[in-house]
Amino acid sequence: MNSPLPAALPPAVLPGWRRPEPLTVVLLLLAFVWLSLSTYVMVPDRLGVAHRWLLLPAIPAVIAVHVLLLRMFSRSTVAVVGITMVMLWILVAAAAPYLPLLDPNRPVAPYQMPFTTKNGMTFWLGTDMRGRDILSRTLWGSQRVLVWGITATFSAYVVGAFLGLVAGYLGGWWDEALSFLGNMVLSFPVMILLILVLNYLGQSGFNIIIAVTCSSAPAIMRIVRGLAMDARGRDYIQAAQTRGESVVWIMLIEILPNVRGPLIVDACLRLGYTTVMITTLTFLGLGLQPPDPDWGLMIKEAASSALLWKFAYMIIVPSIAVSTLILGFNLLADGLRELSQKD
Amino acid sequence: MADLIWRRLAQMVLIMASASLLLFAIFDTEQFRKQIAVAELGGFGAAALSEGDYQAWIAKKGLDAPFVERYLSWAGNMLQGDMGFSMEKNTEVAGLIASRLHATGTLAFYFFLLMVPISLTLGVIAGMREGSWIDRAISIAAVTTTSIPQIATAVLLTVFLSLGLGWFSAKSSAIGPITFAELALPVLTLLIYDVGYVTRMTRAAMVEVMSSHYIRTAVLKGLPRATVIWRHALRNALIVPVTLIFLQLNWLLSHIVVVEVFFQYSGFGRMLYEAAIYGDIEVVQAATMVAVIVAVLSQLLSDIAYILLNPRLRVAR
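Chains as they are written, first to last, in my numbering: chain A, 3 to 345; chain B, 25 to 341.
By construction, these hints were calculated from the structure, which means they are not laboratory data. This one's a predicted model, so the numbers in the text were calculated from it and none came from an experiment. Some hints could be false.
Cβ pair distances, simulated, as ranges [unchecked claim]:
#1 B:Pro141 with A:Tyr113: 26 to 34 Å
#2 A:Leu90 with B:Arg249: 39 to 47 Å
#3 B:Glu232 with A:Leu310: 47 to 55 Å
Some, not all, of what chain B presents toward chain A, calculated at C-beta under 8 Å [to be verified]:
#4 Ile175
#5 Leu187
#6 His256
#7 Leu271
#8 Thr312
#9 Met313
Built from N, CA and C at the ideal position, the CB exists for glycine as well.
Next up, chain B with everything else stripped away, as it sits in the complex:
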């Protein structure tokens, strides 16, 4: 078991190293170097620069060093927490990312707090009796909510709950203390899609377990239905959904962008999007690296959870 985990860890480090190399190489072109010059000296200052002055500026910034040397110093700085400077926001990238991650973390916390119990309960109830009316109702609802893109959900929720009924604010800037009215719509938007998805997966796992031989044996032995479900079925049926829940962190990082942009929530996703549009290269690099680290860690956690929960792997030597 420890062997499996060590192997996954080594793989993870290798993947992060190559992802960072790729990320550094993408932004290491003449076009992006000019963009940095424009951002630092201003458009007018960069345009007034003669070719010689431009070369001198590049030498001063250390941009003429060999690729490997620059990559290593960039990666070293990243490891030490020095992520560069944001030209657009005029602040250290590390502090900026920390504050934005805090805002997004609040969103993610309430999202997971609601998503996990709701979707596991719905999935188990639906999967307990395959084909019953309650299973059909939950399945149809789950397909429908996973088919509405986040952007459409955000629109419909804003129109009805905010513009129509006036319960929540239509935009949530998340500047200052975060209130319930601000959080409600972004969290709901994320929930509506993802609860459907996790419910479907939980239901599939539950259906598979309920049709297995050992459950039939338990039922035929005359055990009460509650015991069969709580003691026998759930322990095996929840292995896959639990590992899936860790992977939702990865999913969240991707889908948070559009939700934050739509609601103008000052979080991590919106920061990355704005930096990409503005050409704030150091922010894009640092934020993408953070996202990759979180994504890879969530995959690792999911794998470890699977190894720990699955008795076949846990006991295997």
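For reference, chain A alone in the conformation it holds in the complex:
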């Protein structure tokens, strides 16, 4: 009469991966989207035919991330609004090559007002002083700002988090030396430091990454240092030390994942700052170089040659675009902070 016992499941190869946490899935998908977008933008020439289809798989990935994030954070309206604003821009960046847009670098007809139709082409947001379609330039511009902004923030986080862990966990002379170096860099006003670094290295996207890393890493180091110092005295770290785990393993596998909460909030805020920095640097002519579309560049070009009430749409459109992206990052950070305080 006894029904056979259900067969015992074989032990999982990777425990925890049978039903991965939503956060892990989101991070993996985002990493995939970021990799394809940055390959697309940073090394367009080496890809050949693949360049055309590279971003297609990223589009469903973005939508999946959006749905997952909305389900995870549905309790906070602020977070939902922020997520939607950011993910919409990422979706636009991934989908830009497949949308029916005009070539963003091709001059068609200069100084066309919004909603005009000429030669069978409708310019929904008008054209700029060189006759390039503004709608197309704004949508394509999201690619560059997102790719360089996220890459620069990520690089600053890798450097800053590692130094912060060393300073906070090892303490002693490591802490003294690293904190002094950090304080010295922080005593330079940010924009002046960026101008110095970019002036020294020359102007390109990769140098922006270096400059942003120089200016943001000390601040990140301070935060991580505080968190690591707090974690050092906890029981789980002493247990790990008793097990004889190596210093690097304790820092990266034990401490870092356990202090992720405040770091994720700070990372969202910092993504916003970095976007501001890159747009500002491009406006100053120190960042990304023409002719490819970029919001800072669009403001720079229009502000020098079309500063008239009639042509104000040329600078208003990219200004609003960059503001919505940054607002999205800030609202996301606010929402996450609110949720972490509720728990």
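Guided by the hints, dock chain B onto chain A, whose structure is given.
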């Protein structure tokens, strides 16, 4: 207390010394030496120089001396107020920086004059009743204004207030006496971002104090609400915002660059930016050093204010 202040002072001197060393070392390369030659002799003159002549020029300028010796003489000159010569502007750097700092100082004066009362008032009103409609309205407005980058604010203000309504001038050269119409847009641009930021911080401090036990005790004791807020809450809630206001000087130095470049205001930030673009090395070095000094001083003032205002530190021996 005096101990803490002395320790901070010593730290500050150490940081400034190493920052100046870093700054000097950055510009001490062959490439920048050539740039100085081009600036001084003209592009044609520098190109016509033979290798021997170039070495002779370097020796004449004293650029072949050991690094430490040159650094010490540069730092000594800086301390005595001799900051070098601007090739681009054809004038002494010290005088140039002084006049540009005056223009930027005017801007900063009106900025602080408006920013401090507005943001403290808004922050206190919002933090007094956490979660009320007025708190929500102020918080949402503050998040929004801190999310718009200065460059976008400058664009939108120029378009609507200057190009559209024609109230202010779109560009403010600040050559000659500075007028209200010229100052309005740069000051507004800086205000819109920073008022939001300081308001948020003031609100957070106020909320924390209002939910503390001693305020609840004061309310339950039956004290009038005005007394609770003015006598009990504000004195503790304003410690953090006041120290933060000093740090805004540091923030201002960084963000003044883009505002001055956009409005073509002849101030300190625009001078540094133009010198960096043109390769006017002595101006870049001197101006950066001045900026670092101001930034470090503002941090010191902020720390001292914190020590003086916080009773726990003030009384501690």
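Against the structure, the hints:
In this structure the supplied range 26 to 34 Å is violated for B:Pro141 paired with A:Tyr113, their Cβ-Cβ distance being about 44 Å. At roughly 45 Å, the beta-carbon separation of A:Leu90 and B:Arg249 lies within the given 39 to 47 Å, and the hint holds. Between B:Glu232 and A:Leu310 the C-beta distance comes to about 49 Å, which sits within the given range of 47 to 55 Å. For B:Ile175, the shortest C-beta to C-beta distance to chain A is roughly 5 Å, which falls under 8 Å, so the interface hint holds.
This hint holds: B:Leu187 has a C-beta 4 Å from the nearest C-beta of chain A, less than the 8 Å allowed. A cut of 8 Å between beta carbons decides the hint on B:His256: the least distance to chain A is about 25 Å, and the hint is violated. Because the smallest distance between the Cβ of B:Leu271 and any Cβ of chain A comes to about 11 Å, over 8 Å, the interface hint for this residue is violated. At about 6 Å, the closest approach between the beta carbon of B:Thr312 and any beta carbon in chain A falls short of 8 Å, and the interface hint on this residue holds.
Annotation: B:Met313 was flagged as interfacial toward chain A, and the flag is violated, the nearest CB pair being 10 Å apart, outside 8 Å.
The structure shown violates the earlier hints numbered 1, 6, 7 and 9.
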